[in-house]
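For the sequence shown, the numbering used here begins at 711 and goes up steadily by one.
Don't read these hints as lab results, they were simulated from the structure. Be careful, since some hints might not be right.
Here are the in silico distance ranges between beta carbons for each label pair [unchecked claim]:
no.	residue 1	residue 2	range
1	Asp-781	Arg-925	20 to 26 Å
2	Ser-822	Arg-905	19 to 25 Å
3	Asp-902	Ala-851	36 to 42 Å
Simulated pairs of lysine to any residue, SDA-like, Cα-Cα distance not exceeding 20 Å [said to hold, decoys possible]:
no.	residue 1	residue 2
4	Lys-731	Cys-777
5	Lys-849	Ile-725
6	Lys-779	Ile-725
C-beta atoms are modelled at their ideal positions from N, C-alpha and C, and glycine is treated no differently.
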Amino acid sequence: MTGLLTEAEGDPVAIENAQAKGEFLFVCEHASNRMPESLGTLGLSKDALESHVAWDPGALAVSRLLCEKLDGTLIHQRFSRLAYDCNRPPESDAAMPVLSEVYDVPGNRSMSAAERRSRVEEIYLPFHEAVTRAVADRKAAGRRPVLVTMHSFTPIYFGKPRTVELGILHDADGRLADGMLAAAAIGEAGYDVRRNEPYGPADGVTHSLIEYGIRFGVPNVMIEIRNDLIRDKIGQRVMADYLAGLLAKSVAALPAH
711 MTGLLTEAEG DPVAIENAQA KGEFLFVCEH ASNRMPESLG TLGLSKDALE
761 SHVAWDPGAL AVSRLLCEKL DGTLIHQRFS RLAYDCNRPP ESDAAMPVLS
811 EVYDVPGNRS MSAAERRSRV EEIYLPFHEA VTRAVADRKA AGRRPVLVTM
861 HSFTPIYFGK PRTVELGILH DADGRLADGM LAAAAIGEAG YDVRRNEPYG
911 PADGVTHSLI EYGIRFGVPN VMIEIRNDLI RDKIGQRVMA DYLAGLLAKS
961 VAALPAH
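I would like the entire structure built from these sequences, with the hints used as guidance.
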């Protein structure tokens, strides 16, 4: 250890329902707004640390509900994306951002090489290894993992409202996204569901899909939920029910492995 995390803070990555029998592997990179004690507040206000710039509100709750419904395994990050964004590789400026939307992040400016390295080694690499191992172990056992990364996004970004409610994102492998979008098109949920919105591959958001999905040749998709829809338990349950249906239909439509 290089001194970023204390023993009392525990592991940076959590794995839930590890022995699940289902195909789904849910990954939530922005599950928490908790900051490592050694980083303090990174110079941010309480409001900033509770906002979407520090985490993806509601994403973990919906992920857990989906795991229950689909008997999936969940892997999630236990510290804030501002300490290290596990959906970005170490060489990316966005991995430890100095600016997140309208918020300046003073504690991420002027980091030494050793400080950057400690965040990579103590947050990103354990997360990377946990997801990689989960995918590889399932494949070695003759099981087909289905990778689903879970996110939420703010209804207002740089002062502009977003009308999209649910984004189905993919990179080069669109198999699962295609199935979900097809299922959504014939449904009656009333959500505004769009492909690769409000972000897409050009925005650098598909690192996890590439690293744990495409690299292993397994079906993969990234789900972005507008966070005002999942602020409370009722909204979270409604969204989880809807997504469980889309995911089940899209996997059933995939060719046998």
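#### Entry: Pair hint Lys-779 and Ile-725, alpha-carbon separation not exceeding 20 Å
The given pair, whose Cα atoms are some 17 Å apart, holds under the 20 Å limit.
### Hint consistency between Lys-849 and Ile-725 [alpha-carbon to alpha-carbon, up to 20 Å]
With a Cα-Cα distance of about 18 Å, the restraint between Lys-849 and Ile-725 holds, given a limit of 20 Å.
### Message
Given the hint of 36 to 42 Å, is the C-beta distance from Asp-902 to Ala-851 inside that range or not?
### Response
Given about 39 Å between the Cβ atoms, the range holds.
### Message
Lys-731 and Cys-777 were given as a pair; does the straight-line alpha-carbon distance stay at or below 20 Å?
### Response
11 Å, holds
### Query
Measuring from beta carbon to beta carbon, are Ser-822 and Arg-905 in 19 to 25 Å?
Violated - the Cβ-Cβ distance for Ser-822 and Arg-905, about 41 Å, lies outside 19 to 25 Å.
### Message
If I claimed the Cβ atoms of Asp-781 and Arg-925 lie 20 to 26 Å apart, would that claim hold in this structure?
### Response
Holds: the Cβ-Cβ distance is about 25 Å, inside 20 to 26 Å.
In terms of the numbered hints stated before, the structure departs from hint 2 and from no other.
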